[in-house]
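S.K.: Single-letter residue listing:
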Amino acid sequence: MAEMDLNRFETLVTAYGAAPDRWPDDERAAAQAFARADPRAAALLAEADAIDALLFAHRVAEPSRTLRAMVIEGAPTKRRLTGRARMWWTGLGIALAGASGMLAGSAATAALEPITANVLMYSHDDVPALDYSAEENAL
Amino acid sequence: MSADDPDGELVRRVGEGDVHAAEALVARKLPRMTALAHRLLGDRAEAEDVVQELFLRVWKSASSWRPGAAKFDTWMHRVAFNLCTDRLRKRREVPLPETWDAPDPAPLADAEITAEQQSDAVGRALASLAPRQREAIVLTYYQELPNREAAALMGIGVDALESLLARGRRALKARLEGTDG
Chain A
1 MAEMDLNRFE
11 TLVTAYGAAP
21 DRWPDDERAA
31 AQAFARADPR
41 AAALLAEADA
51 IDALLFAHRV
61 AEPSRTLRAM
71 VIEGAPTKRR
81 LTGRARMWWT
91 GLGIALAGAS
101 GMLAGSAATA
111 ALEPITANVL
121 MYSHDDVPAL
131 DYSAEENAL
Chain B
140 MSADDPDGEL
150 VRRVGEGDVH
160 AAEALVARKL
170 PRMTALAHRL
180 LGDRAEAEDV
190 VQELFLRVWK
200 SASSWRPGAA
210 KFDTWMHRVA
220 FNLCTDRLRK
230 RREVPLPETW
240 DAPDPAPLAD
250 AEITAEQQSD
260 AVGRALASLA
270 PRQREAIVLT
280 YYQELPNREA
290 AALMGIGVDA
300 LESLLARGRR
310 ALKARLEGTD
320 G
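These protein sequences, in sequence, are chains A and B. 1 is the number of the first residue of the first sequence in the numbering used here; add one for each residue after it. 140 is the number of the first residue of the second sequence in the numbering used here; add one for each residue after it.
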């Protein structure tokens, strides 16, 4: 059990208030034991409890139905995900077709002009790599 | 998905395009995140803008969410907290008019005061606190984050958090009782 004295107990209740469930996990048991054993604890708890009551008098309005609807509107759906995947594959297809065409063209060029073809053969490096790491790192 | 993240399974289903899971996640998180933004910004309309931006990021990230050191709720708090502090920083960059004065919370001495009036007075007192004291109180009391999580979100140590909490609570009490001069 963590050590507890009047000084630490006062720091705890002036920071976290009178409710033990808000006290740090690793000090809760020791602070509760101190509160039971030391008569000076009661006054500190009463003062902290009065401030807790003030704090919890504050209410904020529930989110409106309009806000709820607007938020849900943007949620991913199976249809949107399928559409996005289809667009992605279409884009990849176009990119690969373009790259194949360039390769075929470069092969034809190589047959005619071997020196220039050595440069053109590497143009397929422009096809974007399938790299998800940036998206995952964003989390 | 992480077994000890209570939102993990729901987020996985959201990432698969499950609309019911998205609705459940909104039901679970929207009130909590709206309250966070509202209390940090002190402005409901601005809080709603932040929450919409937050959920856009949630929807975008759900399919690639991987359990790591942080729980999903912690990640949401971090995004919402950063969105709010960005807005507060921009507010500070705009010079306040010369006639501007901090709102003056009415003392709560009157026993007949209604719950609504009391809530408004506490809201004004919260808004008049130093920003870091307000952040510490909002994260610890209203959002009920463990002290280490709240401190990490604010980029400070637990000792500094405790100091901000104690000073914030004292200032709040003094303002509500009209004893802060």
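Just so you know, the hints here were simulated from the structure itself, not pulled from any lab data. Don't take every hint at face value.
Unchecked claim - Pair by pair, the computed Cβ-Cβ distance ranges are:
| hint | chain 1 | residue 1 | chain 2 | residue 2 | range |
| --- | --- | --- | --- | --- | --- |
| 1 | A | Ala53 | B | Ser203 | 37 to 47 angstroms |
| 2 | B | Asp182 | A | Arg36 | 27 to 37 angstroms |
| 3 | B | Lys199 | A | Asn7 | 46 to 56 angstroms |
| 4 | A | Phe56 | B | Gly296 | 45 to 55 angstroms |
Since this is a predicted model, take the numbers as computed values, not measurements. Ideal Cβ positions, reconstructed from N, Cα and C, are used throughout, including at glycine.
S.K.: Would you list, in rising numerical order, the hints stated earlier that this structure does not obey?
M.R.: 2 and 4
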